[in-house]
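Q: Protein chains in written order, with my numbering: chain A, 1 to 273; chain B, 1 to 317.
Some hints here could point you the wrong way.
[Unchecked claim] Label pairs and their in silico Cβ distance ranges:
| # | chain 1 | residue 1 | chain 2 | residue 2 | range |
| --- | --- | --- | --- | --- | --- |
| 1 | B | Thr80 | A | Val257 | 32 to 42 Å |
| 2 | B | Thr314 | A | Pro20 | 48 to 58 Å |
| 3 | B | Thr80 | A | Gln239 | 12 to 22 Å |
[Unchecked claim] Okay, the calculated bits of chain B under chain A, using three or more residues with CB under 8 Å as the criterion:
| # | stretch |
| --- | --- |
| 4 | 105 to 111 |
| 5 | 114 to 125 |
| 6 | 139 to 150 |
| 7 | 221 to 229 |
Read the hints as simulated data drawn from the structure, not as lab findings. Given the structure is predicted, the values throughout are model-derived calculations rather than measurements. All C-beta atoms in this analysis are idealised placements derived from N, C-alpha and C, irrespective of residue type, glycine included.
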Amino acid sequence: MTELSPETPGMGHLQQGRMPLWLRPVGYYAYSYKRTWRASITTSFLYPVLYLAAMGVGLGSLINHHVHNVDHVTYLDFIAPGLLAATAMQIASNESMYPVMAAIKWLKTYFAMLASPLRVDDLLLGHLTWVVIRLTMVSSIYLLIMALFGVVLSPFAVLALPAAILTGLAFAAPISAFAASQENDTGFATLQRLILVPMFLFSGVFFPVSQLPEWMRVVAYCLPLYHGVDLCRTLVLGQLRWGGDVFDVVYLVVLVVVGYLLGRMTYHRRLIV
Amino acid sequence: MTSEPRRDDAPAPLVYARGLVKRFGDFVAVDHVDFEIERGESFGFLGPNGAGKTSTMRMISCMSPVSEGTLRVLGMDPATDGTKIRSRIGLVPQEDTLDLELTVLDNLMIYGRYFDLPKQVIRERAMQLLEFTQLTDRAKDKVEPLSGGMKRRLTIARSLVSNPELLILDEPTTGLDPQARHLLWDRLYGLKQQGVTQVITTHYMEEAEQLCDRLVVMDHGTFAAHGTPRQLIDRYSTKEVVELRFLSGEHERVAKDLDGLADRIEILPDRLLLYTADGDETLAEVHRRGLVPESALVRRSTLEDVFLRLTGRTLVD
Chain A
1 MTELSPETPG
11 MGHLQQGRMP
21 LWLRPVGYYA
31 YSYKRTWRAS
41 ITTSFLYPVL
51 YLAAMGVGLG
61 SLINHHVHNV
71 DHVTYLDFIA
81 PGLLAATAMQ
91 IASNESMYPV
101 MAAIKWLKTY
111 FAMLASPLRV
121 DDLLLGHLTW
131 VVIRLTMVSS
141 IYLLIMALFG
151 VVLSPFAVLA
161 LPAAILTGLA
171 FAAPISAFAA
181 SQENDTGFAT
191 LQRLILVPMF
201 LFSGVFFPVS
211 QLPEWMRVVA
221 YCLPLYHGVD
231 LCRTLVLGQL
241 RWGGDVFDVV
251 YLVVLVVVGY
261 LLGRMTYHRR
271 LIV
Chain B
1 MTSEPRRDDA
11 PAPLVYARGL
21 VKRFGDFVAV
31 DHVDFEIERG
41 ESFGFLGPNG
51 AGKTSTMRMI
61 SCMSPVSEGT
71 LRVLGMDPAT
81 DGTKIRSRIG
91 LVPQEDTLDL
101 ELTVLDNLMI
111 YGRYFDLPKQ
121 VIRERAMQLL
131 EFTQLTDRAK
141 DKVEPLSGGM
151 KRRLTIARSL
161 VSNPELLILD
171 EPTTGLDPQA
181 RHLLWDRLYG
191 LKQQGVTQVI
201 TTHYMEEAEQ
211 LCDRLVVMDH
221 GTFAAHGTPR
231 QLIDRYSTKE
241 VVELRFLSGE
251 HERVAKDLDG
261 LADRIEILPD
271 RLLLYTADGD
281 ETLAEVHRRG
291 LVPESALVRR
301 STLEDVFLRL
311 TGRTLVD
């Protein structure tokens, strides 16, 4: 018979620390990330390089040749901050679809967490905290590569990092809420095809929204990604318009808050029976 | 159980329930049950699938809210102190919730961090627990390819990372082969000797007999009986049982010829059970009456017989 331990049975709780409960799931995500970080870091470097090279430099040289500049800057300077916001959207959405479904249904990680001191709200907050960490990593790399490509950065560009994180969260919070309400993953493909991809194309990442016909412009103004792109671009290029940028921030913060509240609802409904 | 009134100087029970109810919509899964679980004992919930065992377990482990009634775990109310309670209990859920893509050791390390235990403490305890559950060789392996028995042992190891006062095991050995089951029973017996209070649900009467000091027989959300395994057998069954098998289809007819031979006769689809004080004597009488069964077996009464008596059904269909 193997003796378990010389410790007094049942006294384990005396050794437990006071780390906030919502921070504890981050340990799990970090452990899991160790498995895939190499691939993930490579992609984080590679995608911005490929996009900036192909679209910014390649396509950009053609555009600059014909129209000289877009909104008074080179095409590379125009597209780089837009891609920063779009990447934040993509990363945050990906982290909030299949991984949330897996934690509920496939791996049941959330149920393992709920058997520990963690509460349902801690799972949601922990997940969003991890998304913030991922966004910080990816967006920092993106800004660095933008600088290496010679994108002209204004002093306000440092604020593009929190702006990109906010943009990502504005997707992560409502999409997590949506994911927790789904019985299977078919809804994710629909979300991707019908909402995220069109938004990527028509939110002013690749061309100014002002180029669109009047009615499409109105639609574009309503899209969350438009506000993320607008915020990141004005900060990077130093073309701040106080009214517009404050509105962008308010719009994105409202999405985060509404998404979080919805998420609390769907998480509770799904995990507490 | 509403046995006798508690004395004031008695230590408070680890789990205390009065009029406990769990409803899912109109369905009543647990229907006004009362019980107390004392420190250091192994307490069992025995019953068939759907009896309300898991719902009771999930309420005790503060993962499922109480619909009605009073529940106290470690003296606290799960509705308001869920986090505090869960920091002191270990849960082995019916379905494993291991991370299949991580290693055996990482699963323990991660779980310990939910309790914010110092890394060094988790590591030391994890190594001891892997030794205890005989998984040391697999520490660095991924969980996915492990056998069912190994995964179950890892789940038990994980529930012990926090060194809990109360261990809740929901069907710990369902689906395991006999060898794996006996190993788990041995480990659980070891834990009990070290003073860890255990609450176990099972639909294996053998498991309940092996592991539980006290148990309740649960059926349709209520308790059909409670007591020690010995008490239940004495109260609801006879000392011995004669099992007779005749050609199929003959059991009903043969039962008439056996009239008066035993205290009670159960007719099951595949055999007849004769409840009697002296099995050998009863079997001899069967032969004297000129009946020739295909096979005959004399055995001691088990909790299975208690369950059959109380509910008219076998535990595992």
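Q: Compare the structure with each hint and give your call.
A: Do the hints match the structure? See the list:
{"no.": "1", "hint": "B:Thr80 / A:Val257: 32 to 42 Å", "in the structure": "violated, 27 Å"}
{"no.": "2", "hint": "B:Thr314 / A:Pro20: 48 to 58 Å", "in the structure": "holds, 50 Å"}
{"no.": "3", "hint": "B:Thr80 / A:Gln239: 12 to 22 Å", "in the structure": "violated, 53 Å"}
{"no.": "4", "hint": "105 to 111", "in the structure": "holds (count 4)"}
{"no.": "5", "hint": "114 to 125", "in the structure": "holds (count 7)"}
{"no.": "6", "hint": "139 to 150", "in the structure": "violated (count 0)"}
{"no.": "7", "hint": "221 to 229", "in the structure": "violated (count 0)"}
The earlier numbered hints that this structure contradicts are 1, 3, 6 and 7.
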